[in-house]
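Those sequence lines, one after another, are chains A and B.
Heads up, the first sequence is in this note's numbering, so the first residue is 20 and it goes up one at a time.
Heads up, the second sequence is in this note's numbering, so the first residue is 20 and it goes up one at a time.
I should point out that these hints are in silico values taken from the structure, not numbers from a laboratory.
Honestly, I wouldn't trust all of these hints.
It does not matter which identical chain is used: a pair holds within one copy or between any two.
Claimed, not checked - Restricting the straight-line Cα-Cα distance to at most 27 Å, the calculated cross-link-like pairs of lysine-lysine (BS3-like) are:
no.	residue 1	residue 2
1	LYS347	LYS357
2	LYS357	LYS295
3	LYS322	LYS295
4	LYS322	LYS218
5	LYS81	LYS168
6	LYS357	LYS117
7	LYS295	LYS92
Chain by chain, the residues run as shown.
2 protein chains.
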Amino acid sequence: MQLNDFLKHTSEWLKGTGPNSDIVISSRIRLARNLDKLSFPHWANKTQAVQALNTVIDGVSKVNYLKGSTVFKLADMDGVDKQLLVERHLMSLEHAQKTENKALIVDSEEIVAIMVNEEDHLRMQVMQSGFNLHEAWGIINGIDDSISKELNYAYLPDWGYLTACPTNTGTGMRGSVMLHLPALVMTRQIDRVLAAISKLSFTTRGLYGEGTQATGNFFQISNQVSLGHSEEEIIENINGIIRQIIDQENQAREVMVSRNRAILEDRINRSLGILKSARIISSQETTELLSMVRLGADLGMLKDIDRRRLNELFITTQPAHLQKLENKKLSTEDRDLKRAELIRSRLNL
Amino acid sequence: MQLNDFLKHTSEWLKGTGPNSDIVISSRIRLARNLDKLSFPHWANKTQAVQALNTVIDGVSKVNYLKGSTVFKLADMDGVDKQLLVERHLMSLEHAQKTENKALIVDSEEIVAIMVNEEDHLRMQVMQSGFNLHEAWGIINGIDDSISKELNYAYLPDWGYLTACPTNTGTGMRGSVMLHLPALVMTRQIDRVLAAISKLSFTTRGLYGEGTQATGNFFQISNQVSLGHSEEEIIENINGIIRQIIDQENQAREVMVSRNRAILEDRINRSLGILKSARIISSQETTELLSMVRLGADLGMLKDIDRRRLNELFITTQPAHLQKLENKKLSTEDRDLKRAELIRSRLNL
Numbered sequence: 020m021q022l023n024d025f026l027k028h029t030s031e032w033l034k035g036t037g038p039n040s041d042i043v044i045s046s047r048i049r050l051a052r053n054l055d056k057l058s059f060p061h062w063a064n065k066t067q068a069v070q071a072l073n074t075v076i077d078g079v080s081k082v083n084y085l086k087g088s089t090v091f092k093l094a095d096m097d098g099v100d101k102q103l104l105v106e107r108h109l110m111s112l113e114h115a116q117k118t119e120n121k122a123l124i125v126d127s128e129e130i131v132a133i134m135v136n137e138e139d140h141l142r143m144q145v146m147q148s149g150f151n152l153h154e155a156w157g158i159i160n161g162i163d164d165s166i167s168k169e170l171n172y173a174y175l176p177d178w179g180y181l182t183a184c185p186t187n188t189g190t191g192m193r194g195s196v197m198l199h200l201p202a203l204v205m206t207r208q209i210d211r212v213l214a215a216i217s218k219l220s221f222t223t224r225g226l227y228g229e230g231t232q233a234t235g236n237f238f239q240i241s242n243q244v245s246l247g248h249s250e251e252e253i254i255e256n257i258n259g260i261i262r263q264i265i266d267q268e269n270q271a272r273e274v275m276v277s278r279n280r281a282i283l284e285d286r287i288n289r290s291l292g293i294l295k296s297a298r299i300i301s302s303q304e305t306t307e308l309l310s311m312v313r314l315g316a317d318l319g320m321l322k323d324i325d326r327r328r329l330n331e332l333f334i335t336t337q338p339a340h341l342q343k344l345e346n347k348k349l350s351t352e353d354r355d356l357k358r359a360e361l362i363r364s365r366l367n368l
Numbered sequence: 020m021q022l023n024d025f026l027k028h029t030s031e032w033l034k035g036t037g038p039n040s041d042i043v044i045s046s047r048i049r050l051a052r053n054l055d056k057l058s059f060p061h062w063a064n065k066t067q068a069v070q071a072l073n074t075v076i077d078g079v080s081k082v083n084y085l086k087g088s089t090v091f092k093l094a095d096m097d098g099v100d101k102q103l104l105v106e107r108h109l110m111s112l113e114h115a116q117k118t119e120n121k122a123l124i125v126d127s128e129e130i131v132a133i134m135v136n137e138e139d140h141l142r143m144q145v146m147q148s149g150f151n152l153h154e155a156w157g158i159i160n161g162i163d164d165s166i167s168k169e170l171n172y173a174y175l176p177d178w179g180y181l182t183a184c185p186t187n188t189g190t191g192m193r194g195s196v197m198l199h200l201p202a203l204v205m206t207r208q209i210d211r212v213l214a215a216i217s218k219l220s221f222t223t224r225g226l227y228g229e230g231t232q233a234t235g236n237f238f239q240i241s242n243q244v245s246l247g248h249s250e251e252e253i254i255e256n257i258n259g260i261i262r263q264i265i266d267q268e269n270q271a272r273e274v275m276v277s278r279n280r281a282i283l284e285d286r287i288n289r290s291l292g293i294l295k296s297a298r299i300i301s302s303q304e305t306t307e308l309l310s311m312v313r314l315g316a317d318l319g320m321l322k323d324i325d326r327r328r329l330n331e332l333f334i335t336t337q338p339a340h341l342q343k344l345e346n347k348k349l350s351t352e353d354r355d356l357k358r359a360e361l362i363r364s365r366l367n368l
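Looking at chain A on its own, in the form it has when it is part of the complex:
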């Protein structure tokens, strides 16, 4: 698959389908795995890093499910192309920044992505649309089983999978759910909710993972503990927390609709009106306005809004996507113009 092909289709996690897709954008399971008897990437010398890279790529290529996958060698790629992969949530910002002996393996549906030589030798993820951790787990577990037949994982019976950072040791698993929580933000309950889940050893991040701010009312919530419980237990634990947050968001939406319907309709319709008419618009303002429009669609206040088209705009309006669409480097000013043009063309139908 060429990079430009990404622009022609919608990532699985963006399809706007799946359980609770009015609040849950996507569910993601990632597993951290390392090769036995080879230094972790941060400690590896060049020979070891090259060896790990080749071993992983070679092993993964033999797995049936991943036969049609593309291997991106990051050192050979230009900045915009790497940023595109970050914007599509296929790899971390860190992976795009230090690229020596690193790779990304992605299947054609963008369901599976494997970072090679990031913090661990393998960081594999499966993303699904909606609230769907179990399905994501089923897929990644199968892939992990197949890969484990090709590669020798670093594993100790008492500890589980060994990882560069001790917080990942054990299952090596992290489950994350991307939530859209506009009502909890607008009713100023979000800080309380996030404080409560942080006490339960969950972390909250923004749209683009570690170190990014929550914009557009999107929150990515994931478990911190990966040791001492089975994968299924961890997933059930996350699911329980997410179900509570979904309930709270739904309650907050009901309260807003019953008490402040006009104010809500005003904000939602203004957001759509601005998106349909702006000639210059930043990435951040776009995300915030799209968030309100999505809420309007979810609440049935806006008719004829295609949720999938809306979800796509969250990603296609990002800087690298815009530049790939235009097929050239664009300054911030030019991007703000092209972004507004793209949004108008998609929403004024």
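Once you have looked at the hints, place chain B on chain A.
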């Protein structure tokens, strides 16, 4: 004419026609006149006030041009009705507030309005659309001549017409022009321009006359001196100043279009987008957004915008007009809802 009839037609000054109507909304001439040997209204006792009121109404009713006029006795009117007349620029806010023995006489086209027992016994005005002081003067001069055959004006050969406030003595005339100066405001030149004309004895007011702030980039500019020059000289003096301001606004518009076209198009299109989609909107925000849309129409950036419909919205979205349209008292919150509804119905065609 009934008050409700006002809602069915567009005031002459709002028609958006006449010379320079892209910048000049309307031109207005008013004359202050008093009855001979009767105390000025502020000093009059009740008997004198009633006598002045009846004398003026009686005299005016005999003038041919004013045969079909309506006489509003302000003490008999409710607050919303009086405010409606203020919003249509037919009388001053002061005249609406102290109503004992006061009246307003208006012709059916709303070209001529005569306040009785405001600061002077007669305050008559003629308003015309666009930059048109000469025509306004021609009309009011004819009416004044006719009225002077029915009433004895207080007049001294050396002083001219006597008035309650000495600043009006002499011709008793004030010419004002309502200008829309968004480019001078946006390019931050407006303060310099207004400071310069104030040195030339001109005053600047907002949309609703004395004591009101300039909103929506509207400025009402009028002469302060009414003594020592003929009416024609005063009008030529005002015209000269206004022509310079029109030139400066036009230059500022050209500069903005050539240097910041995209930013301007963005602001103009967003303004229209918000007006077309808002569900709650204040009077002030409405005026500001309509100002930008009007600029967009004037610059040819917005197509299919009817300037007359736009001008009407400036007035019909005002509080009293909204309440008359709905035929009931409305709270501020209800007005903000109804205003948004009215705007949407007029702009989404």
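Each hint tested on the structure:
1. Taking the closest pair of Cα atoms, LYS347 and LYS357 come within 27 Å of each other only inside a single copy of the chain (12 Å); across copies the shortest separation is 47 Å, beyond that limit.
2. Within a single copy, LYS357 and LYS295 get their C-alpha atoms as close as 13 Å, and across copies as close as 23 Å, so both meet the 27 Å cut-off.
3. In this assembly of identical chains, the alpha carbons of LYS322 and LYS295 lie at most 27 Å apart whether taken from the same copy (15 Å) or from different copies (16 Å).
4. In this assembly of identical chains, LYS322 and LYS218 lie within 27 Å of each other by CA distance neither inside one copy nor across copies; the values are 40 Å within and 57 Å between.
5. For a Cα distance limit of 27 Å, the shortest separation of LYS81 from LYS168 inside one copy, 10 Å, qualifies, whereas the shortest one across copies, 109 Å, does not.
6. Taking the closest pair of Cα atoms, LYS357 and LYS117 never come within 27 Å of each other, the shortest separation being 29 Å inside a single copy and 57 Å across copies.
7. With identical chains, the CA atoms of LYS295 and LYS92 are never at most 27 Å apart, being 39 Å at best within one copy and 49 Å at best between copies.
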